[in-house]
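Chains A and B, in that order, are what the protein sequence lines are.
With the first letter of the first sequence counted as 1, position 160 gets the number 160 in this note's numbering; the numbers rise by one all the way through.
Add 1000 to the 1-based position in the second sequence for this note's numbering, that's all there is to it.
By construction, these hints were calculated from the structure, which means they are not laboratory data.
Source: prediction; values computed, not measured.
Just so it is clear, CB atoms sit at the ideal spot from N, CA and C, and this is done for glycine as well.
Hints should not be assumed to be uniformly reliable.
[Unchecked claim] Taking beta-carbon pairs under 8 Å as the criterion, some of the chain A residues facing chain B (in silico): (1) Pro9; (2) Ala28; (3) Pro92; (4) Ser134; (5) Ala138; (6) Glu157.
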Amino acid sequence: LTSDADAMPLQQRAAAWLLQGAGLALRAIIGIGIFGGAIAAGIGSALYGFTHFGVAPVTNSAGWQSRSLDAQDSALPYSLAHFLMDGRLPPPASVKDFTRSADDAGVALDARCVVEIRGTIPQARWWTVSATDSEGLALRDSHTLTSGGAILEPGGELVLRISSTPQPGNWIRPPANRYRIALTLHDQLNTRTELTLPKVQQSGC
Amino acid sequence: MKTVYRLVVAALCAALIHIVMVLYIPYEAFRAYSKFDVATRTANQLVVLPSDTRRSLLPSLRGPGVAAYCNIDLTKGPVSILLQPPATYWSLSVFSRSGRQLYALNERQADTAQIAIDFKRSPSLLGRIMGTGTDEDITPTIDSAAWNVELSDAQAYAVMWIPYADPGLVKLGEEQMKSSSCSLKKA
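Chain A extracted, bound-state conformation (with noise of 0.2 Å):
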């Protein structure tokens, strides 16, 4: 006695085996895109989540953002991932950290204008303004002004220039061509006065 399979002419149980075989590759290849879509989709929503989530405009302050830390806000692991992947800590709770990377009239800032700064600092116990990088670092001290080095106008009004070149009064040096700024309010004073952070201007590009 013989077989069906047996009785198949070698061609046809050859043709019948790459079918087979082709349709588990087909099978194997559609598993392996599901579940790689699924491990990229997983890590790139996470990736997305730690540069996006918390972070939010400042009201009547137009330009400045800054990223929460509150304990009851929902994207606080967010937040905090987003410093830590990069070994860094968080701000401390009575730090708050402002940041902008465009003037007032949304033009990005450019090393090769010269940006004013203009308004009243919000009270606090210590505060710094700083031209950092992309990443809100401050590359050296050099490119911070703090409120125990400011030179204030009359009515307490600051008014800070980053510029390339030395300018009269407050000056700070801009750390690249394309550069963000950072307010930092340590220990702000007054919480229950709604923020309204300084104006920043471009001009003589």
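Following the hints, position chain B against chain A.
Relative to the frame of chain A, chain B by itself:
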């Protein structure tokens, strides 16, 4: 039907990977960075951070100043931080290994020239049930001699920051900081 099943499993996989990426990987990444840097890898030792390390580890603490760092490890017992800060503005922050702030102190709250803060592990849930931990152990207490802080985790990071208006005072501040310490508490 098989395709739907595969898609559901894939979605669950993606969600699981997302959760691990958010809750676990950042902590491991930070630990790896800490071990890489000589200034931050030693446990239970107060280290005055070189300015480059300070700028990358604590990007929000900008401008001239002195930052000291202690990698608190409670696995070998309680740890004590003794601070002798200047009479200017300073702040101490203690972070959990997941980056959450656990404890903070500044010169107004301390109101004294020398501060001792003792850190120990809070009793485990089993310890509390078995009665090995008293109420005093569970609730953080403050007395005139020292602050006692209980941490649920064996590891934490303490950061002390003293900003200076005059960059010329930073060297002096670093010398002063050497009189402060972070060490295993002697029995």
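- prompt: Taking the least C-beta to C-beta distance, is A/Pro9 closer than 8 Å to chain B?
  reply: violated (33 Å)
query: Under the criterion of a CB-CB separation shorter than 8 Å, is A/Ala28 in contact with chain B as hinted?
result: violated (12 Å)
field: Given hint A/Pro92 near chain B, where the shortest CB pair must fall under 8 Å
entry: holds (4 Å)
query: Going by Cβ atoms only, is A/Ser134 closer than 8 Å to chain B?
result: violated (12 Å)
- prompt: Does A/Ala138 pass the interface hint, meaning its C-beta sits closer than 8 Å to a C-beta of chain B?
  reply: holds (4 Å)
task: Using Cβ atoms only, decide whether A/Glu157 comes closer than 8 Å to chain B, and label the hint accordingly.
output: violated (19 Å)
In summary, the numbered hints that this structure violates are 1, 2, 4, 6.
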